[in-house]
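Chemist: First to last, the sequence lines map onto chains A and B.
Using the working numbering, you'd call the opening residue of the first sequence number 4 and step up by one each time.
Using the working numbering, you'd call the opening residue of the second sequence number 4 and step up by one each time.
Note that these hints are calculated values from the structure, not bench results.
Please read these numbers as outputs of a predicted model, since none were measured by experiment.
A portion of the hints provided could be inaccurate.
[As the list claims (entries may be wrong)] Some but not every residue of chain B turned toward chain A, in silico, with C-beta under 10 Å:
1. Val70
2. Glu122
3. Glu141
[Claimed, not checked] In the DSS-like style, the derived pairs of lysine-lysine whose C-alpha atoms are separated by at most 30 Å in a straight line are:
4. A:Lys211 / B:Lys137
5. B:Lys137 / A:Lys129
6. A:Lys207 / B:Lys300
C-beta atoms are modelled at their ideal positions from N, C-alpha and C, and glycine is treated no differently.
Here is how the chains run, residue by residue.
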Amino acid sequence: MLKYSIKRLLQSLVTLFIVVTAVFMLMRLLPVEGYFGDAYDKLTESQREAILQKMGLLDPWYVQIGNFYAGLLRGELGVSSIYRRDVPVLEVIAPRVPYSVRFGLAATAMSIFLGLAMGIHMTRHKGRLWDKTWTAYIVFVTSVPSAVYLLFVQLYGTSLFKVPLLFDKYRPSSWILPVVSIAVTGIAGYAMWMRRYMVDELNKDYIKLARAKGLSDSAIMTRHVMRNAYVPMAQYLPAAILATISGSIYIESLYSIPGMGGLLVDVIQRQDNPLVQALCLIYSSVGILGLYLGDLLMAAFDPRIQLVKSEGAR
Amino acid sequence: MGTNESLLSVRDLVVKFNLRGQVLTAIRGASLDLYEGQTLAIVGESGSGKSVFTKSFLGMLDQNGWVDSGSILFEGVELSRYKSQEEWRAVRGKKIAMVFQDPMTALNPLKTIGKQIEEVLELHHGLKGLHAAKAAAEMLGRVGISDPEARAKQYPHEFSGGMRQRVVIAIAMACKPRILICDEPTTALDVTIQAQILDLIRALQKDFGFTTIYITHDLGVVANVADRVAVMYAGQIVEQGLVEEIFYDPRHPYTWALLSSLPQLGVKHEPLYAIKGTPPNLFKPIKGDAFAPRNPKALKIDFEEEPPEFFVSPTHSARTWLLDPQAPKLEPPAAIRALRAAYERSEA
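Build out the structure end to end from the sequences listed, making use of the hints.
Modeler: What follows is the structure, encoded as structure tokens:
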């Protein structure tokens with residue numbers, strides 16, 4: 004297990020390196036005019052040159068990337084170049100992290116709880132009215148662009164429940180709609196997979212034996228079907244949780260939540276390279292960590308999975 | 004054996020299924036008696052209704068199936084009247100247990116062997132914790148698994164196919180049932196393991212004194228283990244009797260055909276015997292003898308009227324017009340005559 008963990012960790016680092024390098028290179032391919040924003044026309048050629056020089060953008064690409072990784076190894080992510088000039092990147096990001104994490108966690112808890120419950124409910128009513136009702140919900144949520152129904156949630160939710168239209172950190176009720184909005188898609192996903200895995204298990208032979216033992220349907224459901232359906236779910240869970248935390252970019256801007264998602268959109272548009280790089284590093288680490296945790300979690304749940312080859316024959 | 008009480012008595016059982024709006028009659032009036040301590044083998048080709056028939060004793064028909072008429076009397080209780088799953092659970096696994104065909108998939112891969120046995124003990128005997136674990140390990144030992152305490156903590160994937168079938172048998176035996184139904188218990192196993200499993204079931208039967216029903220299409224298994232044989236065709240028991248009576252004095256043309264298709268009875272360099280045609284469509288009502296269309300020597304009446312049950316001896320009966328006093332005398336096929344001759348020689 005330890006050997007496997009270390010091996011996977013090294014693989015994850017390679018993946019991370021590739022992702023971060025790709026982002027770095029892509030940012031360098033953007034037109035240089037973008038670095039000046041509205042001030043472009045007011046600057047002379049030499050002033051522009053000086054600014055680019057100061058940002059280190061005139062060096063050859065391999066020097067730039069070398070500097071970036073050298074800084075990274077020293078634990079330095081650099082300073083913001085445009086968004087909040089000369090403020091260390093971490094200082095810009097840090098106050099925003101708690102918002103994203105809190106919203107993400109709240110929404111994740113809600114989607115797992117309601118999603119699994121919905122999936123179980125669908126399985127128990129397979130082929131009947133409830134199954135079809137929830138399926139309709141899942142189809143709606145996955146096929147209609149989220150911008151459409153999320154706007155409805157915001158507009159009608161606000162007037163229906165008398166909660167604020169935008170996020171306000173001094174009013175707890177303003178949390179409700181953003182969390183619900185993030186959870187709406189998550190619930191559909193968890194419900195769909197849970198139902199699918201449970202139905203898979205239900206059709207297996209050992210369920211027949213469990214029934215022949217005399218177990219009641221509800222005991223079969225809880226002790227066998229649900230327990231076994233959690234295994235494939237477990238692999239998918241951490242990645243989904245982390246995706247929720249990082250993937251609420253649209254919701255953050257819809258409700259003006261000062262989180263990381265909104266910041267990323269902002270700094271890409273304004274070509275603040277150090278900030279983009281740092282945020283991408285965070286997001287990809289989180290994503291890769293999710294996959295890694297999923298594998299570990301599945302191995303912990305499923306005795307058949309041995310992450311290292313066992314020595315000798317059984 | 005004939006003096007024994009009937010433990011399970013099935014009369015004129017009709018089981019139907021609803022398949023996409025069409026009604027299929029899987030069991031068409033089957034009757035059977037199971038005697039205490041005996042071993043009964045139910046033989047027949049795929050789709051003849053062997054499995055469905057026995058599943059109806061446990062209330063384990065698929066959701067679209069039901070007992071339409073007839074009776075299943077077990078220990079003086081009419082099982083066919085059972086409606087709720089609660090009622091069935093008093094019988095299922097406790098008094099009538101079942102062993103399935105494929106041990107590779109019959110166990111939950113994520114639960115230890117011990118837990119899976121404990122589950123039954125807990126359910127039917129209220130055993131908990133250490134008591135249940137101890138009883139489970141003891142049961143594992145009884146089915147021939149060495150070092151049962153340690154093995155009980157392992158998962159199914161750490162067991163071979165034969166070992167898993169032993170575990171499935173241990174689960175079935177855990178509550179000391181009156182009847183053990185073995186649905187093709189050796190079909191999925193290696194030939195060398197098959198004999199071990201059959202021996203095990205026989206030994207357990209001696210120890211625990213239960214009654215066994217084998218469902219099989221392997222006549223070799225039948226000859227090996229059975230006291231009595233019931234031959235099923237198209238949802239009906241066409242012939243039943245003691246194992247010698249069925250093997251050496253069969254009366255139904257279908258039993259003849261079934262025995263003739265044993266490869267061991269074929270003559271070298273001659274094509275193996277195969278029954279022509281296909282089993283009847285069970286969606287439609289069947290007129291006359293269900294086997295008549297596949298029987299080249301069928302009588303005229305076979306196509307018109309369903310044969311009643313004729314008794315050859317108190318233990319042996321068959322549903323064929325050939326046993327009617329008015330029927331022409333028809334010699335069984337050569338393979339069957341050879342079987343009987345060999346038997347008579349060995350008896351003399």
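Chemist: Against the structure shown, which of the earlier numbered hints fail to hold, in ascending order?
Modeler: 1, 3, 5, 6
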